[in-house]
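J.: These protein sequence lines map, in sequence, to chains A and B.
The numbering used here puts the first residue of the first sequence at 12, with every later residue one more than the last.
The numbering used here puts the first residue of the second sequence at 18, with every later residue one more than the last.
Bear in mind the hints are in silico, worked out from the structure with no lab data behind them.
Misleading hints may appear alongside valid ones.
Said to hold, decoys possible - Cut-off 20 Å, straight-line C-alpha distance, at most; resulting in silico cross-link-like pairs (SDA-like, lysine to any residue):
1. Lys-91(B) with Ala-72(A)
2. Lys-77(A) with Gln-86(B)
3. Lys-125(B) with Ser-78(B)
4. Lys-42(B) with Ser-78(B)
5. Lys-47(A) with Lys-77(A)
6. Lys-91(B) with Asp-73(A)
7. Lys-215(B) with His-15(A)
8. Lys-91(B) with Met-76(A)
9. Lys-77(A) with Gln-64(B)
10. Lys-104(B) with Cys-55(B)
11. Lys-77(A) with Arg-216(B)
12. Lys-42(B) with Gln-64(B)
13. Lys-91(B) with Ala-74(A)
14. Lys-42(B) with Tyr-101(B)
15. Lys-196(B) with Tyr-101(B)
16. Lys-47(A) with Arg-216(B)
17. Lys-215(B) with Glu-184(B)
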Amino acid sequence: MNGHLTERQIQEYIDGTLTDNRETAAHLESCAACCKALRQYQALFSALETPPAIALSDTFADAVMKRLPDEAILPADLERRWAARDLLAVVSGLAVMVIATFVFVGPTAMARFFTSFGGWPQLDLSGTFAPIGSQIERMNINPTLVLFAVITLVGILAADRAIVAYRRHARGRIFHMI
Amino acid sequence: MGAKSATPGRLGGLIKVAWPMADDKELIQRILSGERNCFRELITRYQRLVTHLVFRMVPVSEDREDICQEVFLKVYQNLADFRYESKLSTWIARVAYNTCLNYIEKKKVPLYDDLVDKDSEFEPVDDDLGHQPDAIAEAAEISELLQVEIDRLPHQYRVLITLYHLEEMSYTEIAGITKLPEGTVKSYLFRARQILKKRLSSRYRQKDLI
Chain A
12 MNGHLTERQI QEYIDGTLTD NRETAAHLES CAACCKALRQ YQALFSALET
62 PPAIALSDTF ADAVMKRLPD EAILPADLER RWAARDLLAV VSGLAVMVIA
112 TFVFVGPTAM ARFFTSFGGW PQLDLSGTFA PIGSQIERMN INPTLVLFAV
162 ITLVGILAAD RAIVAYRRHA RGRIFHMI
Chain B
18 MGAKSATPGR LGGLIKVAWP MADDKELIQR ILSGERNCFR ELITRYQRLV
68 THLVFRMVPV SEDREDICQE VFLKVYQNLA DFRYESKLST WIARVAYNTC
118 LNYIEKKKVP LYDDLVDKDS EFEPVDDDLG HQPDAIAEAA EISELLQVEI
168 DRLPHQYRVL ITLYHLEEMS YTEIAGITKL PEGTVKSYLF RARQILKKRL
218 SSRYRQKDLI
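Just chain B, same shape as in the assembly (with noise of 0.2 Å):
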C-alpha cells in the first residue's frame, strides 16, 4: 500500500474547502447588508467545524451547545471585521478556539499536560510482530476506542488532531488558529498520535477484539 493512500480524505478535503471561498464572501455581504436569514446559512456550513472543535475542547457535556451558540454569536457580532486574510473556516475555528480557550480559563482546566517523553519520538520502532494491526481501522470497538482516547488527550493535542485530520487543514492553517510556531503544531500533532498508537494497541491487546 502506498504511502500516501492512508489519508486520501487530505486532497479530497482540500477541493472540498477550497469552492465555498466565492460563496463565503457573498454569503457575508448579504448578510453585513441586513439579511439576517442568511446567517442561519453560515450555521449550517460551519457548524460541523465549530462542534468538532467545541467537543473536542469542553469536557463538561452541558456547556457545548451554548459555547457553540457563543461562538456564532460572536461570529456574527465580528463578522464585518473578517478581512478575507484567511478563509471563513480558519477565521470561525479561530473565534471558537478562543472562545473555548476563554472557557477553560475560567473552569481552570489545565491546559499543556505533557504526556510523553519528548525524546521518544526518536526511538526507532520495537521488533513485535505479535498482532495483525489492520484490524485497529476495521473494528467498530476500536473507532470508540479512539474516540475515548482522543478525549483523554491534553485539549490541546485534541484540537491539532481535530483541526488537522477532521478539518484537514494545513500547518500553517493550525498554527493561524491556534498562534503555536509551526514546529509546536508538528511536534504536538507527532506526539498525540504516538500517545493514541500505543494507547490503542495496549487496549486492542486487551480487549482481545481479533
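The shape of chain A in the complex, shown without the other chains (with noise of 0.2 Å):
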C-alpha cells in the first residue's frame, strides 16, 4: 500500500465494512500516523455510544397519559374500508329496495302481495313497468322471498350501523373480534 490510509478507510476499517482488511491491517502494523489516527477514531467512535446526560421530568409518562384520546385506535385504511363498505351497503339496500319496487308493481305481483295484507291503496304504476313486471312474473318470483331479502338486507345495514357506533363509543374493544 502506497502512502497513508484515508480518514474513510480508517472509519470503515473501524466501522467492519472495509472490503480489503487484511492489507489495511498490515499497513498499520507498520504505520504510526495511521495507527495514531486510528486509535483517535477508535476512541470518538466509544465515546460515540456513551448516552448524554439529559432525561425528561419524572411526571413524563403520566403527562402522556392524560393526553391520550378516549376515541379507539384504528387503522386508517380500516376506516377507509369500513366507510366504503358502509357506503356499499347502503347502494345494495337501495338496489335492491328498487329492484323489490319493480317485483311489487308487476300487475299480478303486486296484486297478491297486496291481497295477502288485506287490500293495499292501488296504484296503478302498471301502465310504467309493465314491461318489467310482466317479466319479473314470467320469473314467477315469490314477493315474500323478496320482502325477506329486503328486511335482512336492512337488518346486516343496521348491524353494520351498530357494531360501528360501538366500535366509535367502546374504545375499539371489539376491534379484534372481527
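Two chains, each in its own frame: build the complex with the hints.
T.: Given below as C-alpha cells:
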C-alpha cells in the first residue's frame, strides 16, 4: 500500500465495512501516523456510544397518558374500508329496494302481495313498469321471498351501523373480534 | 487493539434490540384492544430513543419535552397502522424524526449545512504524532466537549450519529427513518465523525487536558 490510509478507510476499518481488511491491517502494523488516526477514531467511536446526560421530567409518562384521546385507535385504511363497506351496504340496500319495487308493481305480483295484507291503496304503476313487471312475473318470483331479502339487508345495514357505533364508543374493544 | 474492539456496543446492541419484538407485538395488541395503561409500558421502553432524537434535533430546550409528548401521542394515534414491516423502534424513530422535522420547518432551522469539503474524506491522514490520542476517550472533560461538539453539528448529522452510535441502528434502518439513500447516510456519518475528530483534537489541545 502506498502512502497513508484515508480517513474514510480508517472509519470503515473500525466499522467493519472495509473490503480489504488484511492489507489495511498490515499497513496499520507498520505506519505510526495511520495507527494514531485509528486510535483517535476508535476513541471517538467509543465515546459516541456514551449516552448524553439528558432526561425528561419524572411526570412525563403521566402527562402523555393524560393527553391520550378517548376514541378508539383504528388503522386509517380500516376506517376507509369500513366507510367503503358502509357505502356499499347503503347502495346495495337501495338497489334491492328498487328491484323489489319493480317486482311488487308487476301487475299480478303486486295484486297478490297487497291482497295478502287485506288490501292496499291501489297504485296504478303497471302502465309504467308493465314490461318489467311482466318479465318478473314470467320469472315467477315469490314476493314474500323478496320482502324477506329486503328485511334481511336492512337488518345487515342496521347491524353494521351498530357495530360502527359500538367501535367508536367502546375504544376498539370489538376491533380484534372482527 | 483489534479494530472491532472500538465498537463493542454494536453487537451487544443487536442482541439487546432483538428480543423485544415478540413483547412489542403483544404490547401493541393489548393497547389496541383497549388496555390504555399498556401504553405506559411502551413509553418506558422507547422514551430513551425518542428523547435522544428529540434532544439532538430540537435546539430549543423548552420545546423538547412537549415534542416528546407529541411524538408519543402520534405513536398512540397511529399504532393501529403499524404493520410490523420494521421494528417498532424504527417506526417510532421515524415518527419522532418527522415530528422534529415539522418543528424545524416551522421554526425555520437550517437543514443541510455542509460543513466540510467532500473531498477531504479521501485525503490521507497527516503525520502529526505529537499528542496521546487515547486520552480523548478517557477524560471526562472530553466527553462533555463531545456533547458540545455534537450539538454544533448540522441537525442531520446529529440524527445519524444518534441513531447509529447511541441507538445502534443499521444503515438500512437509518435510511428507512430519514428517507436518505444508504450511501448518503454513510457519507454524512463519515463527515460527522471527521468533523468531531478534528474539532475534538483542536479543543483537546487548547484545553491542555493531559
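J.: Are any of the numbered hints broken by this structure? If so, which, sorted upward?
T.: Checked against the structure, the hints that fail are numbers 4, 5, 11 and 17, while the rest are satisfied.
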